[in-house]
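Chains as they are written, first to last, in the numbering used here: chain A, 1 to 293; chain B, 1 to 293; chain C, 1 to 293; chain D, 1 to 293; chain E, 1 to 293; chain F, 1 to 293.
It should be emphasised that the hints constitute simulated quantities derived from the structure, not laboratory data.
Just so we're clear, the structure is a prediction, and the values are computed from it rather than from any experiment.
A couple of the hints might just be wrong.
Same chains, same names: a pair is fine if it fits in one copy or spans any two.
Stated by the list, open to error - Think about it this way: if two alpha-carbon atoms lie no more than 27 Å apart in a straight line, the pair counts; the simulated DSS-like pairs of lysine-lysine are:
#1 Lys195 / Lys11
#2 Lys83 / Lys11
#3 Lys212 / Lys195
#4 Lys16 / Lys237
#5 Lys16 / Lys212
Protein chains: 6
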Amino acid sequence: MFFHRQELQFKATPEKPDAVYARKLQEVLGGQYGEITVAMQYMFQGWNMHIPGKYRDLVYGIGAEEFGHVEMLAIMIAQLLEKAPVGITEDAVQDDPTVAAVVGGMDVQHAIVAGAGARPVDSNGNPWQGTYITGSGNLLADFTANANAEMQGRVQVARLYHMTDDPGVRDMLSFLLARDTMHQNQWLRAIEELKEDGLEQLPAPSNFPQRKEHTEVSYQYLNFSDGEHAGDGGWAKGPSVDGNGEFSYHDGPTTSAPMPPPTHPDARMYGTTEVPNVVEKAAGTIQDRLHRE
Amino acid sequence: MFFHRQELQFKATPEKPDAVYARKLQEVLGGQYGEITVAMQYMFQGWNMHIPGKYRDLVYGIGAEEFGHVEMLAIMIAQLLEKAPVGITEDAVQDDPTVAAVVGGMDVQHAIVAGAGARPVDSNGNPWQGTYITGSGNLLADFTANANAEMQGRVQVARLYHMTDDPGVRDMLSFLLARDTMHQNQWLRAIEELKEDGLEQLPAPSNFPQRKEHTEVSYQYLNFSDGEHAGDGGWAKGPSVDGNGEFSYHDGPTTSAPMPPPTHPDARMYGTTEVPNVVEKAAGTIQDRLHRE
Amino acid sequence: MFFHRQELQFKATPEKPDAVYARKLQEVLGGQYGEITVAMQYMFQGWNMHIPGKYRDLVYGIGAEEFGHVEMLAIMIAQLLEKAPVGITEDAVQDDPTVAAVVGGMDVQHAIVAGAGARPVDSNGNPWQGTYITGSGNLLADFTANANAEMQGRVQVARLYHMTDDPGVRDMLSFLLARDTMHQNQWLRAIEELKEDGLEQLPAPSNFPQRKEHTEVSYQYLNFSDGEHAGDGGWAKGPSVDGNGEFSYHDGPTTSAPMPPPTHPDARMYGTTEVPNVVEKAAGTIQDRLHRE
Amino acid sequence: MFFHRQELQFKATPEKPDAVYARKLQEVLGGQYGEITVAMQYMFQGWNMHIPGKYRDLVYGIGAEEFGHVEMLAIMIAQLLEKAPVGITEDAVQDDPTVAAVVGGMDVQHAIVAGAGARPVDSNGNPWQGTYITGSGNLLADFTANANAEMQGRVQVARLYHMTDDPGVRDMLSFLLARDTMHQNQWLRAIEELKEDGLEQLPAPSNFPQRKEHTEVSYQYLNFSDGEHAGDGGWAKGPSVDGNGEFSYHDGPTTSAPMPPPTHPDARMYGTTEVPNVVEKAAGTIQDRLHRE
Amino acid sequence: MFFHRQELQFKATPEKPDAVYARKLQEVLGGQYGEITVAMQYMFQGWNMHIPGKYRDLVYGIGAEEFGHVEMLAIMIAQLLEKAPVGITEDAVQDDPTVAAVVGGMDVQHAIVAGAGARPVDSNGNPWQGTYITGSGNLLADFTANANAEMQGRVQVARLYHMTDDPGVRDMLSFLLARDTMHQNQWLRAIEELKEDGLEQLPAPSNFPQRKEHTEVSYQYLNFSDGEHAGDGGWAKGPSVDGNGEFSYHDGPTTSAPMPPPTHPDARMYGTTEVPNVVEKAAGTIQDRLHRE
Amino acid sequence: MFFHRQELQFKATPEKPDAVYARKLQEVLGGQYGEITVAMQYMFQGWNMHIPGKYRDLVYGIGAEEFGHVEMLAIMIAQLLEKAPVGITEDAVQDDPTVAAVVGGMDVQHAIVAGAGARPVDSNGNPWQGTYITGSGNLLADFTANANAEMQGRVQVARLYHMTDDPGVRDMLSFLLARDTMHQNQWLRAIEELKEDGLEQLPAPSNFPQRKEHTEVSYQYLNFSDGEHAGDGGWAKGPSVDGNGEFSYHDGPTTSAPMPPPTHPDARMYGTTEVPNVVEKAAGTIQDRLHRE
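Whenever a hint applies, use it, and build me the whole structure from the sequences.
Here it is as structure tokens:
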């Protein structure tokens with residue numbers, strides 16, 4: 001169950017309206033790596049988790065915080081739009097480049113659809129969607145997904161920080177940046193702990209027996225491009241990170257197989273078939289079938 | 001530039017047709033973490049990269065390999081569909097549960113749209129889409145995204161391994177599992193190397209100055225749920241992973257702010273406003289404006 | 001069957017080109033609550049309806065009108081784009097803010113994709129999609145959806161009215177506003193008539209026996225937030241609108257249940273499982289199974 | 001801010017596994033009218049609302065409850081999948097129609113992607129998306145959208161009730177049905193109260209001056225189909241619901257305008273133009289321009 | 001304007017219910033090449049066309065017919081679903097493979113969402129979307145798109161013909177097949193006529209001056225694969241179809257350019273940059289900037 | 001298998017940055033008819049093809065080239081963005097209309113998400129998706145789809161040519177235009193050759209026996225609009241293009257059927273049913289059933 005308190009976790013008040021910036025801020029609200037994504041991702045991981053205790057408490061504890069961040073951003077966006085000239089003709093002084101930029105740069109659905117309100121979309125107006133989230137039930141994989149989400153998120157907020165001068169907006173972003181710092185650290189620590197607790201090892205999933213994979217290619221770097229430095233990295237020599245093998249470098253594939261012959265499905269799929277006489281025979285077959293039908 | 005060779009990296013031939021399994025295999029061809037995703041992700045990371053040398057050579061070298069994996073899966077799927085009873089009435093012997101399962105479980109678009117061929121969709125028929133890929137230009141974040149993609153991918157292939165008995169299919173999956181093992185190791189090694197090379201540090205992005213974030217909350221675990229074990233993990237005490245702080249545990253938020261008052265955008269947004277007399281006044285204003293227009 | 005007549009229901013000719021406004025007008029053509037939505041929604045409701053007579057005649061009669069509104073908007077948009085500087089370099093006088101606004105604010109696909117023509121998309125370029133429509137076969141629910149669609153539509157057109165000075169555009173919008181007024185009234189009247197005719201009652205669906213629901217919570221307002229005025233409304237006291245109960249107010253839930261323990265699906269799902277020794281046992285089981293395979 | 005409590009609002013435990021039903025239940029979790037939709041819709045309406053007090057408290061109070069319903073359904077789905085034969089070959093006894101139905105009827109991503117867990121998608125696997133929600137800032141329109149959402153939702157749950165025999169599932173559905181009853185009543189009451197409070201009237205938006213619409217067609221039922229009973233309803237005669245007019249019935253349109261002539265945008269749009277000599281002239285113009293370029 | 005007549009263009013009544021087939025039929029109703037696509041495509045081409053007369057009359061004349069085909073299919077689907085066991089538990093006799101196939105193979109949203117009605121989706125439940133249509137304003141290109149749409153459509157209907165035994169369904173499909181035959185012929189004839197009328201020539205768009213393209217590669221077949229028969233076709237030798245050149249065959253590219261060096265955008269994009277000392281300098285610059293801010 | 005070479009097929013270097021143009025160029029990279037579409041379309045056609053030899057070699061040979069064009073465009077876009085003022089506040093000189101246009105006209109995700117890099121999206125930021133491609137296995141239909149794709153593509157590139165003055169960009173576009181010319185010619189030639197080789201004839205699919213369609217309407221032009229020139233074209237008189245019939249012209253339909261009566265699905269679908277007493281009886285039935293349950 002969720003309980004809502006009519007307070008924000010941090011002050012979210014801009015100093016002045018800015019409809020173009022409101023649009024940009026939508027990215028970290030409703031984009032691929034926005035707050036809706038992390039809130040939903042952590043909660044679904046919790047609901048589907050197969051372990052009670054600290055790991056499930058962790059995802060629940062932070063998932064609920066992230067819903068509060070969705071709220072902070074929505075409230076901020078509504079205020080950025082509050083006094084902005086969001087599409088009203090008479091306010092669009094035609095020889096003012098600033099207004100021209102607003103006319104061009106704002107999300108027009110902010111005005112037409114939401115009446116100067118926030119929406120669950122990204123900075124290009126693409127609606128948030130369920131495929132943004134990741135939850136496989138394998139915690140090593142999922143916590144890596146979470147670490148990535150917090151990194152991408154902090155990169156985006158850092159960029160947004162420089163796209164505004166508004167001290168109120170920057171203040172809120174400074175808070176979100178700090179929380180992203182925490183959350184990156186936290187997921188990376190949880191990954192270490194999964195290993196220490198003996199729950200997961202590399203490669204994920206570790207309980208699939210490696211002897212069932214073609215281990216001869218499990219640690220080969222195969223260079224399918226012609227970059228001459230691809231073999232210079234630690235991924236092309238030395239011990240593998242999972243401790244189970246030794247990296248080696250190869251120019252291109254070390255295995256190959258002939259391409260199988262083209263398929264010939266049922267003639268009633270009406271695909272183009274091989275040579276005329278085959279077609280005739282197939283047609284004969286169809287003819288026969290159709291007469292029977 | 002890309003050059004195509006009419007050979008496969010590994011044998012991709014099933015022993016017998018299986019339309020239901022063909023559908024399942026679509027997940028690792030055209031799903032969120034399928035081969036199209038990693039092929040496109042690595043290539044776009046290369047095209048947008050800001051460093052020449054080993055890291056760009058790395059993404060190019062593996063990206064091209066992944067396009068070959070797309071091909072292996074597409075070829076395999078076409079063969080699984082080749083002799084399957086893909087929707088032809090007269091073949092659907094009605095008292096055979098196996099056929100009933102095929103009728104129910106196959107991807108009907110395999111027959112109707114592709115004429116017994118593979119498609120760039122996932123196992124539920126959702127089309128592959130560009131938002132599946134990640135590429136921020138920040139390599140620490142992006143390589144973490146790559147590691148996650150290879151982990152999720154290997155988890156899915158491992159599951160698919162147990163959903164078939166076909167030795168031909170399992171043989172190909174064993175190869176893909178091995179390559180996923182390599183690629184997990186490779187990205188994790190590349191992440192270490194970025195740090196060793198002095199290019200990136202935690203938290204990402206490391207060149208955003210941390211003093212600009214609200215550092216008082218940068219290492220606090222805030223528990224917004226009531227799980228009593230959330231504080232038991234290494235994320236709630238001890239040094240942080242980035243080495244810049246000390247984790248601490250807190251029940252709920254350590255900061256708060258009152259929710260800002262509701263916004264009052266231009267009356268011509270036709271939102272419902274506060275109290276009747278305000279409405280009247282606003283209406284008056286509109287009336288005035290409209291008379292002027 | 002549909003028959004097309006090469007006339008419009010109302011004049012749809014702008015006085016001057018305006019590519020930015022053409023983009024905005026796309027919202028009511030191809031947006032969530034645009035004319036394509038209502039046209040398709042009413043027609044599908046008709047095709048799926050389980051009653052002959054006045055209600056089916058009603059949805060058919062208005063659905064066909066709405067396709068004509070799609071046409072009016074498409075024709076209008078093509079004309080707004082006709083002489084507009086839709087992306088041609090040499091016309092983009094660089095020191096003219098008006099042109100700058102056009103460059104920034106127009107839908108670039110209007111030029112690149114449609115060659116100065118309308119498209120079935122919303123004002124942010126998101127394609128119209130089938131999930132915008134509603135049709136359950138329950139007319140009380142569906143006519144409420146229709147009333148909502150006409151309300152949202154009229155709100156959007158009212159906003160668009162103030163975003164242009166063009167008398168030709170405003171003239172057409174005045175017509176659409178009037179039709180939206182009619183259609184709001186019409187659906188609300190049809191809802192009343194469904195009840196008068198004894199076909200439907202509240203709550204929808206009325207023929208599901210209410211005794212099968214947990215009636216003890218059927219009229220409780222449960223406040224999951226801390227707003228102190230939530231209990232002031234008529235939804236928290238007095239008789240319910242459906243006449244079957246009495247509203248009451250409660251701070252938070254009146255029921256609760258412990259969260260069920262985490263699930264433990266088949267080990268070959270490769271989820272992270274509970275405690276090490278369980279893992280070992282599960283691994284043993286897998287080992288056994290795999291040996292048998 | 002949101003706070004999570006590790007309890008459910010109501011018991012959500014099935015008696016036995018049922019992977020096919022788990023898929024169906026996804027509709028009311030992540031479908032167009034599922035619990036994610038109403039949770040997000042009410043919260044966004046609150047964040048964008050322009051009035052403090054009872055109406056905002058109302059949407060916050062119920063929005064948070066709906067997030068708890070998302071949780072109940074996710075937990076239920078995970079349990080329905082827990083012991084189900086979710087795609088593991090050896091369990092698929094080929095001569096058992098029940099298993100055949102599971103193989104065909106389950107959501108294969110439940111197994112391959114989520115490892116026997118719930119996902120934010122509908123019963124066909126389409127991801128939840130931001131366009132499912134409605135929030136215009138006009139409360140009369142938005143509360144009508146809310147009433148519709150609760151009606152559609154209750155219709156769907158009522159259908160799902162009959163698609164299972166499981167007493168545990170039915171018990172939870174009985175609870176959700178009761179809450180949908182409450183929420184339908186609540187939004188319809190709130191609509192009445194908006195009018196009583198003098199905040200909104202019909203047609204929405206009521207503060208757009210009706211004299212600016214073409215009132216001559218504001219109350220005409222125009223029959224664009226040939227159904228002979230379309231004029232029998234109360235929408236074709238008698239006073240209008242908003243009290244501002246009198247309905248009338250008309251066969252087809254009462255207005256018309258000639259279709260404007262085709263547009264002739266810039267020749268560099270490369271559209272096909274009217275007659276050859278025009279083309280030549282246009283080509284001449286292009287030629288000239290191109291020589292100048 | 002569109003006028004609806006409550007008659008169908010052809011009989012659309014199945015002999016018996018078939019929920020699985022109803023799902024398949026959705027492909028040609030709401031799929032990529034279904035009837036909604038062609039109806040919308042032709043109408044938008046008409047609304048955006050730059051020529052009056054026979055070509056615009058043509059697209060209007062057929063577009064309206066296609067909306068009638070949408071109706072025929074929707075009506076047919078509703079009837080196929082009418083008496084089908086669409087998800088009701090007690091009807092699902094568990095030891096009957098036919099019912100098992102229905103349980104697995106039907107579109108569950110047909111029951112849960114539409115109450116046994118048609119929906120604007122394809123056979124996998126993906127909603128119809130605006131990007132399915134094509135309309136560039138260049139009639140040579142667009143009529144080729146139309147010819148393709150009618151070919152893909154007829155291929156799909158031909159496949160569907162063999163997936164049912166129902167004489168009523170087959171009768172309707174026979175009608176649709178005949179109309180697709182007409183429409184293929186019609187668009188191919190219209191393409192010829194565009195050339196005869198001197199309106200368009202190959203390559204499209206013909207009024208872009210070919211001398212502005214790099215004509216040295218305008219007729220070269222460049223083989224980027226290693227298939228040895230690629231040069232055997234008429235596309236690798238002899239006169240080109242447009243009459244403006246001579247085909248030639250080449251193994252791989254005839255041109256090449258070095259890959260440009262990596263980009264170095266503003267340091268505040270936080271991308272990973274080249275070498276440590278550059279990073280330091282960039283960091284210095286940021287430092288400077290930030291101090292100034 | 002694919003092999004990558006770190007060279008471009010043609011020079012792709014702009015003379016100066018232009019973020020607005022970078023956005024426009026996304027259309028031919030990641031749009032409906034962009035290079036990702038043709039690359040994927042040709043490859044999937046190859047993987048699913050039922051004929052070895054020249055046709056499969058053809059699609060493989062050109063498909064790989066198109067992946068190289070994706071690369072050229074991505075590299076070009078990254079460079080156009082390199083020095084552009086992509087959203088950094090202090091660079092946005094507020095009284096410069098050029099900057100205002102950039103602020104308004106660029107794709108903000110280029111900066112926020114990709115850090116000044118290309119993305120797999122169109123010019124409005126819609127992600128590329130799998131439904132853009134066509135591959136039915138019927139080569140006559142598919143090569144027509146390919147011809148269309150190359151025509152739409154060349155029309156778009158021609159438009160983009162005039163939207164920039166940059167000689168570097170225009171140089172690359174001149175190359176792409178030439179290749180589109182080749183590819184249009186090539187597919188049209190391949191279509192001729194399919195017929196000459198006796199593999200396919202009109203109408204597609206030619207091996208479906210035409211006697212099974214309702215041939216009486218196979219060559220009728222039915223005018224469902226009131227355009228008086230629809231009968232003037234060659235599609236309304238004279239021999240049909242496939243040589244199998246004679247075109248004829250008709251005002252409206254030549255066939256019709258009464259609309260079937262409304263359906264009455266199971267009462268537990270909770271649709272609104274016909275007349276009260278029927279409802280009662282149905283309710284009775286439900287009542288009975290429910291009592292039994």
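A quick look at each hint next to the structure:
{"no.": "1", "hint": "Lys195 / Lys11", "result": "neither (38 Å within a copy, 35 Å between copies)"}
{"no.": "2", "hint": "Lys83 / Lys11", "result": "within (19 Å within a copy, 35 Å between copies)"}
{"no.": "3", "hint": "Lys212 / Lys195", "result": "within (22 Å within a copy, 34 Å between copies)"}
{"no.": "4", "hint": "Lys16 / Lys237", "result": "neither (56 Å within a copy, 40 Å between copies)"}
{"no.": "5", "hint": "Lys16 / Lys212", "result": "between (62 Å within a copy, 21 Å between copies)"}
Against the hints set out earlier in the document, violations occur for numbers 1, 4.
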